[in-house]
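Number of protein chains: 2
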Amino acid sequence: MTYCLGLLMEAGLVLAADSRTNAGVDYVSSYRKVFDFSMPGERVVFILTSGNLSITQSVINLLRQDLHKEGESLHTMPTMFSVCRYIGHKVRQVEQQDRPVLEKDRIDFHVSLIVAGQIKGEEPALYLVYTQGNFIQATEETPFVQIGETKYGKPILDRAFNYRSSLKIAALCSLLSMDSTMISNLSVGSPVDLLVYERDTFRIAQSCRLQENDPFWVEMRRAWQQSLQNAFHNLPDIPFAFTPDPSRL
Amino acid sequence: MTYCLGLLMEAGLVLAADSRTNAGVDYVSSYRKVFDFSMPGERVVFILTSGNLSITQSVINLLRQDLHKEGESLHTMPTMFSVCRYIGHKVRQVEQQDRPVLEKDRIDFHVSLIVAGQIKGEEPALYLVYTQGNFIQATEETPFVQIGETKYGKPILDRAFNYRSSLKIAALCSLLSMDSTMISNLSVGSPVDLLVYERDTFRIAQSCRLQENDPFWVEMRRAWQQSLQNAFHNLPDIPFAFTPDPSRL
Chain A
1 MTYCLGLLME AGLVLAADSR TNAGVDYVSS YRKVFDFSMP GERVVFILTS
51 GNLSITQSVI NLLRQDLHKE GESLHTMPTM FSVCRYIGHK VRQVEQQDRP
101 VLEKDRIDFH VSLIVAGQIK GEEPALYLVY TQGNFIQATE ETPFVQIGET
151 KYGKPILDRA FNYRSSLKIA ALCSLLSMDS TMISNLSVGS PVDLLVYERD
201 TFRIAQSCRL QENDPFWVEM RRAWQQSLQN AFHNLPDIPF AFTPDPSRL
Chain B
1 MTYCLGLLME AGLVLAADSR TNAGVDYVSS YRKVFDFSMP GERVVFILTS
51 GNLSITQSVI NLLRQDLHKE GESLHTMPTM FSVCRYIGHK VRQVEQQDRP
101 VLEKDRIDFH VSLIVAGQIK GEEPALYLVY TQGNFIQATE ETPFVQIGET
151 KYGKPILDRA FNYRSSLKIA ALCSLLSMDS TMISNLSVGS PVDLLVYERD
201 TFRIAQSCRL QENDPFWVEM RRAWQQSLQN AFHNLPDIPF AFTPDPSRL
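As they're listed, the protein sequences go chains A and B.
Per full-length UniProt numbering, the first sequence starts with residue 1, numbered consecutively.
Per full-length UniProt numbering, the second sequence starts with residue 1, numbered consecutively.
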């Protein structure tokens, strides 16, 4: 499994990805799932990957090959929309080559990608590209996208993140979302890659690679848990309809 | 879909269930999913249901019929273990009758049940009964069980609940778990039934039925969101490896 997420804000973009890959529980390994296609100063383009590793590696390699050729590439596409359309074409190209053979062994053809960045002249943009090569764009109302194991990490985003959040809050929020997912799904695991992009800078502002046993991570988990436990004191009393002897509670 | 959960503590039991049932998005209705088979003063037995409504109703009706007959019933079983074994038999009886016909129309035979209670002479106990009629018991290490849409509501339980929690904290925790689930899955919906059982009392201590637009629920959601947003101030700074100009963040 995988968990990657992208957060879009007025202030910029935050991206996070785990790095665990597994083929069954008895073959677990670590692969980076964040790929940088930026041209610092002119455009920032990041791709985060989920799905069958052979498929995502094929797509990334096709995209890289084009950088060294004449013609269309992630460095020449004029808009983030055209970047996604072009990436979608590469997904479909791999699909045509590999799906028939994979399906003979009942292996699903599955890949999903987060594409995030900003090209000079445009606003920062965040997209989710599906297995079929089509895609959707994050908006002010729904300012995040997730791929892989998406459910455990969604409530914290729903409650604590929105389009007006600061980059700092969004970065912490994405790490807590990742932590919630890693606690429940062992096929999502550290190291976690975190990237922070500030709008109109056209280069990554901050990045890091964090291990679950890193002192920061341990302290983040402890402090958050403590805060949640304290937060119960701020909640209203439950209006029980039937309370034989409230003093016993 | 459905979301039901049961929490086991030293202090007793907390149970919560939504009440939405749907057959597609264009046929949504409300059914109670909590069933009381207690004999106040002697035993408390509750069943929470998830799965195909016709199957869960069949199981509950078979269990009710036996209460009015001579012989085995939920009022005569000597232990919570035998209660679950007996409920499992009823699930298998419905399975034999209905599965072949359901499968002709490609409808899965699926049911899962939470069984919770205490019989005099025993400790409080909490079980999860599967479609196949087999079951597992909650323990001090893993003191909660969930059925239906389980993922969105799990992180809050992982972080804020344990076997030593008070009944009050556990009740609030289960409502927040339900709230996280209702925000993300429209097929889980209010009213929410909440039950609190204090150990060795052999009667339900407190219960209520809450609507999502109830002033309590609205205030709980607002206060919790506010507390989470404040909690970010207690988190450590992220140890970014690459920080070109931290003053700009």
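In short, the hints are calculated from the structure, not lab data.
Keep in mind that a hint or two might mislead.
Any copy, or any two copies together, can satisfy a pair, since identical chains are not distinguished.
To be verified - Cut-off 25 Å, straight-line C-alpha distance, at most; resulting in silico cross-link-like pairs (SDA-like, lysine to any residue):
#1 Lys120 with Gln93
#2 Lys168 with Ala241
#3 Lys168 with Phe240
#4 Lys168 with Ala223
#5 Lys168 with Asp237
#6 Lys120 with Asp214
#7 Lys168 with Pro239
#8 Lys120 with Gly51
#9 Lys104 with Glu219
#10 Lys168 with Arg221
#11 Lys168 with Gln93
#12 Lys168 with Arg32
#13 Lys168 with Glu10
#14 Lys168 with Ile238
#15 Lys168 with Pro236
#16 Lys168 with Asn22
#17 Lys69 with Ser207
#18 Lys168 with Gly41
Each hint, compared with the structure:
no. : hint               : verdict
1   : Lys120 with Gln93  : neither (29 Å within a copy, 67 Å between copies)
2   : Lys168 with Ala241 : between (43 Å within a copy, 15 Å between copies)
3   : Lys168 with Phe240 : between (40 Å within a copy, 11 Å between copies)
4   : Lys168 with Ala223 : both (17 Å within a copy, 22 Å between copies)
5   : Lys168 with Asp237 : between (33 Å within a copy, 9 Å between copies)
6   : Lys120 with Asp214 : neither (37 Å within a copy, 48 Å between copies)
7   : Lys168 with Pro239 : between (37 Å within a copy, 12 Å between copies)
8   : Lys120 with Gly51  : neither (31 Å within a copy, 52 Å between copies)
9   : Lys104 with Glu219 : neither (48 Å within a copy, 54 Å between copies)
10  : Lys168 with Arg221 : both (17 Å within a copy, 24 Å between copies)
11  : Lys168 with Gln93  : neither (38 Å within a copy, 56 Å between copies)
12  : Lys168 with Arg32  : within (23 Å within a copy, 43 Å between copies)
13  : Lys168 with Glu10  : within (13 Å within a copy, 40 Å between copies)
14  : Lys168 with Ile238 : between (34 Å within a copy, 9 Å between copies)
15  : Lys168 with Pro236 : between (30 Å within a copy, 11 Å between copies)
16  : Lys168 with Asn22  : neither (31 Å within a copy, 40 Å between copies)
17  : Lys69 with Ser207  : neither (29 Å within a copy, 69 Å between copies)
18  : Lys168 with Gly41  : within (22 Å within a copy, 55 Å between copies)
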